[in-house]
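K.L.:
Here are the chains, one letter per residue:
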Amino acid sequence: MSEPGTRGAGLKWVGRSIRRLEDPALVTGRGRFTADLPAAHWLRFVRSQVAAGKIVKVEVPGSAAVITAVDLSGVKPIKPMLHKFNYKPVSQSILADGVVRFTGEPVAVVVARSEEEAEDIADQVEVTIEETEPVIDARDALHAGAPQIHVEAPGNVIVEGVMTTPDFDKVWASAAKTVTVNARSRRQNATPMEARAGHAAYDPSTGRVTLTCTTQMPHLTRTAIADVLGMPEADLRVIAPDVGGGFGQKMSLAAEYVVLVWLARKLKSSVAWTEDRRENLIAGFHARDQSIMLEAAFDEGARLIALKSDVISNIGAYSCFPTTCGVEPLMAMAEMPGPYDFRAYSCRARGVATNTCTMAPYRGVSRPVITFVLERAMDKAAAAFGLDPVDIRRRNLIDTFPYTSASGLVFDEASYKQTLEMAVNAVDVPAFRKRQQDQRAKGRHLGIGFATFSERTGYGSPAFAARGMEITPGWENVVLTVDPSGFVEARIGSSPHGQGLSTSLAQIIADEIGIAPQHIRVVHGDTDNTPYGWGTFASRSLVISGGATLIAARKVRAKLIRIASHLLEAAPHDIVLEDGEAKVAGTDRSVTIMDMARQAYTQTHRFKGEVEPGLTETGSYDPAGTFSNACHVAVVEVDTETGRVHIEKYLVAEDAGRIINPMIADGQVHGGIAQGIGNALLEEIIYDETGNILSSTLADYLPPTAHEIPPIELHHLETPSTTSITKAKGLGEGGGIGAPAAVINAVNDALAPFGVEIDEMPATPQRIRAVLRAKEQAA
Amino acid sequence: MSEKTAITLSINGHDHAIRVEPRRTLADAIREDCGQTGTHIGCEHGVCGACTVIVDGEPVRSCLMFAVQAADKEIRTVEGLAKGDELHPMQQAFMNHHGLQCGFCTPGFLMLAVGVLERAPNISDEDLLDVLSSNLCRCTGYQNIIKAVRAGAKEMRSK
Numbered sequence: 000m001s002e003p004g005t006r007g008a009g010l011k012w013v014g015r016s017i018r019r020l021e022d023p024a025l026v027t028g029r030g031r032f033t034a035d036l037p038a039a040h041w042l043r044f045v046r047s048q049v050a051a052g053k054i055v056k057v058e059v060p061g062s063a064a065v066i067t068a069v070d071l072s073g074v075k076p077i078k079p080m081l082h083k084f085n086y087k088p089v090s091q092s093i094l095a096d097g098v099v100r101f102t103g104e105p106v107a108v109v110v111a112r113s114e115e116e117a118e119d120i121a122d123q124v125e126v127t128i129e130e131t132e133p134v135i136d137a138r139d140a141l142h143a144g145a146p147q148i149h150v151e152a153p154g155n156v157i158v159e160g161v162m163t164t165p166d167f168d169k170v171w172a173s174a175a176k177t178v179t180v181n182a183r184s185r186r187q188n189a190t191p192m193e194a195r196a197g198h199a200a201y202d203p204s205t206g207r208v209t210l211t212c213t214t215q216m217p218h219l220t221r222t223a224i225a226d227v228l229g230m231p232e233a234d235l236r237v238i239a240p241d242v243g244g245g246f247g248q249k250m251s252l253a254a255e256y257v258v259l260v261w262l263a264r265k266l267k268s269s270v271a272w273t274e275d276r277r278e279n280l281i282a283g284f285h286a287r288d289q290s291i292m293l294e295a296a297f298d299e300g301a302r303l304i305a306l307k308s309d310v311i312s313n314i315g316a317y318s319c320f321p322t323t324c325g326v327e328p329l330m331a332m333a334e335m336p337g338p339y340d341f342r343a344y345s346c347r348a349r350g351v352a353t354n355t356c357t358m359a360p361y362r363g364v365s366r367p368v369i370t371f372v373l374e375r376a377m378d379k380a381a382a383a384f385g386l387d388p389v390d391i392r393r394r395n396l397i398d399t400f401p402y403t404s405a406s407g408l409v410f411d412e413a414s415y416k417q418t419l420e421m422a423v424n425a426v427d428v429p430a431f432r433k434r435q436q437d438q439r440a441k442g443r444h445l446g447i448g449f450a451t452f453s454e455r456t457g458y459g460s461p462a463f464a465a466r467g468m469e470i471t472p473g474w475e476n477v478v479l480t481v482d483p484s485g486f487v488e489a490r491i492g493s494s495p496h497g498q499g500l501s502t503s504l505a506q507i508i509a510d511e512i513g514i515a516p517q518h519i520r521v522v523h524g525d526t527d528n529t530p531y532g533w534g535t536f537a538s539r540s541l542v543i544s545g546g547a548t549l550i551a552a553r554k555v556r557a558k559l560i561r562i563a564s565h566l567l568e569a570a571p572h573d574i575v576l577e578d579g580e581a582k583v584a585g586t587d588r589s590v591t592i593m594d595m596a597r598q599a600y601t602q603t604h605r606f607k608g609e610v611e612p613g614l615t616e617t618g619s620y621d622p623a624g625t626f627s628n629a630c631h632v633a634v635v636e637v638d639t640e641t642g643r644v645h646i647e648k649y650l651v652a653e654d655a656g657r658i659i660n661p662m663i664a665d666g667q668v669h670g671g672i673a674q675g676i677g678n679a680l681l682e683e684i685i686y687d688e689t690g691n692i693l694s695s696t697l698a699d700y701l702p703p704t705a706h707e708i709p710p711i712e713l714h715h716l717e718t719p720s721t722t723s724i725t726k727a728k729g730l731g732e733g734g735g736i737g738a739p740a741a742v743i744n745a746v747n748d749a750l751a752p753f754g755v756e757i758d759e760m761p762a763t764p765q766r767i768r769a770v771l772r773a774k775e776q777a778a
Numbered sequence: 000m001s002e003k004t005a006i007t008l009s010i011n012g013h014d015h016a017i018r019v020e021p022r023r024t025l026a027d028a029i030r031e032d033c034g035q036t037g038t039h040i041g042c043e044h045g046v047c048g049a050c051t052v053i054v055d056g057e058p059v060r061s062c063l064m065f066a067v068q069a070a071d072k073e074i075r076t077v078e079g080l081a082k083g084d085e086l087h088p089m090q091q092a093f094m095n096h097h098g099l100q101c102g103f104c105t106p107g108f109l110m111l112a113v114g115v116l117e118r119a120p121n122i123s124d125e126d127l128l129d130v131l132s133s134n135l136c137r138c139t140g141y142q143n144i145i146k147a148v149r150a151g152a153k154e155m156r157s158k
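Residue numbers (numbering that gives the first Met the number 0), protein chains in the order written: chain A, 0 to 778; chain V, 0 to 158.
Bear in mind the hints are in silico, worked out from the structure with no lab data behind them. All C-beta atoms, glycine included, are put in the ideal place defined by N, C-alpha and C. Check each hint, because a few of them may be wrong.
To be verified - A few chain A residues facing chain V, derived, Cβ under 8 Å: (1) G28; (2) D241; (3) G670; (4) I672; (5) P702.
All chains should be modelled from the sequences, with the hints used to inform the complete structure.
P.N.:
Right, here's the structure in full:
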């Protein structure tokens, strides 16, 4: 652990594990979260208790203040748009308008003086719904005659991507062997520890409303709500205070926040809503729920030559804003080829509406699923060729860059083969295989699983534009100011919520302008005080906000040097900025940054018009994107009597380019792996056939505890990115992308002696026992 | 709805005279009636442990206790861990070992760890893991929480 404030000449801040600037408030209970704010009015949403039906009537007790869709006439629906892939624009009313499409959909909202009172009244609101037949499974929703979720989308297909490379059939026909994976990744909930919450306060002096909410994208939340309510954006300020985790769930627009702003304006007062855990689990956006059929063709040398896939993504009842429901199936189509070298690819990827909670991006977006499917295919092929799983990956990983994938993605310099070898050496595969044999003889079933993958990160507007998104995110702006006291403030459009971005950006700034991170404050999450930006999601903030920060810091540096050149009467190229001072190299002449900053505002006449007043610069960055990579290895033991999986060892060799703060980077990988292990073994939102949710508490929906996560061993390579000006790549999602594949491959390796396979996640004890039992019964 | 009862909650050595409904949870009373918002509510089902506080020396899920049950007991919350500007060794250990990311679950983990270690300073690593598995964190994958708590425990023993 490096101690802050120990910087000496020549020492760099980037690359050091300094403690986070965010932490002192958070460990002392002085964090400021949305639900901490007092309010005059509290809301309770009355939610549909059935999956599908027509609202007949809503009966309200006595004089209670209850708002329904009728009251919101004039408020536009949420209607995200995609201009490609046969997208069918569907609308979501802010409160259900005549029809309910999933259990948990808000039908009415109670306004009361306390949360308790609002809940009491909500219990007495009688909603009569004439039930209609629901459809829960996306494959059922594709059947002819299935109930139609939206009239705009006959057949329930909301989006459909199709691609086939030239000569696909010819290549396919030449295959020596093919393998098939018929995989399923069940439904999850991102489960941030802080569920959603919002607080809207009306300011009678200006007529403005301030919405404080637990969002990952404050600026776009403001744009979207102003659009829906038909109000000037200037009348709305959105604040994302401390946010208790997001993982994608807090990126999509919550209809509940629209209601808050509408009510604050109507009541000219403050109104608040704190989602409870049950609401979050049933209605706070879901994730995954994909069925993928993947076929892989290999030549006689076990080289992958073609992939064919059919992706069915259950998108739930509505299309999430801003990404649209295309985000899952289209990501699957673009990234299915993974880090393997082959040319022939065919894919059909559909997003299908059902009577289930709306899907939104969740850490990894499709890639935890497609990586699991592709890595299963590699292991099946290894078995078919009688090869070791490591060997088949060695034969197929890409190693020349830039590499254009079969789906057209351009991979920058990375270390796919090197990280595989690094992981293989660290885990000692031959020793494991011997132990596996010995233990099998004793009735204990160990398995090892590998996952090699790429993680596309830090992509700018061209990548989003390629998806045809009406709202095309990508760039970020940073405004960097040295104030007259010499303190530095960076105002950013990103909106970190646990990633330690303030610390990492301060390290980047510190190196450029020679000032310690303790003198740098990063301001985020407030539309009044930060430049427009897209927020924090898609492993983008360190690359894009980091790049914009570096650009702004270089400009500030250049200006400080111009100022120093005037004040010290030296040539700019003789000036060195470090340790809070500008020095003339080879002399004892110097001036502090504090002095220079003061003079940049108060002594501008000294610069003879050659330096603009003030000390503020802007950086803007919109990169093409860069690919991180890693190899994950899991060693598990499966108890074949109970179906329980114990993870004995977990090891990662990863490469995310230049690492700004290794401690923070490792923390991101750890957290991702834990979520990936949850994906692989534990977490499942379960609907019954009527569309009722059976997993509505954290005792039923099971994020891993400290018991389920083994010690994680990390090994690092740093291949500097050539497409990111800080040379850093993103790494927020990789842990969650690799872990499901590694764990499920390990489980299958353990089960190999039984001649059974499991290609469904989570691989719960029940599912593992079911495949074993089916085999026993067949025998 | 029912009538409110007058009670006194002693939080971090300060008495708060409040009036609460019998159904008011301790978590809500600490946050809303006493204004101590460092204690967070994650599930209200007693599963996640984000709301853990120390009541009469024992870690308690404050969402599972009624405020009236805590009347006249000694309640400690995250706000009371530091002595002035001097952080509690466990707070310092969480910072040193990156035992937090978003920080929402952190007060609960701090109070759980401190509450257990004050009673069992020499707890084994295995038992400590058992204890820590009673709270949920979604960000850290627990690696650095475990590291931090072990380091904090060592520091607490040496004081």
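K.L.:
Would you mind marking each hint as holding or not holding in the structure?
P.N.:
Going down the list of hints, with the structure as the test:
1. G28: The hint holds - A:G28 has a Cβ within 8 Å of chain V, the shortest such distance being about 2 Å.
2. D241: Holds: closest Cβ of chain V sits about 7 Å from A:D241, inside 8 Å.
3. G670: 5 Å, holds
4. I672: Holds - the Cβ of A:I672 comes within 8 Å of chain V, reaching about 6 Å at its closest.
5. P702: 6 Å, holds
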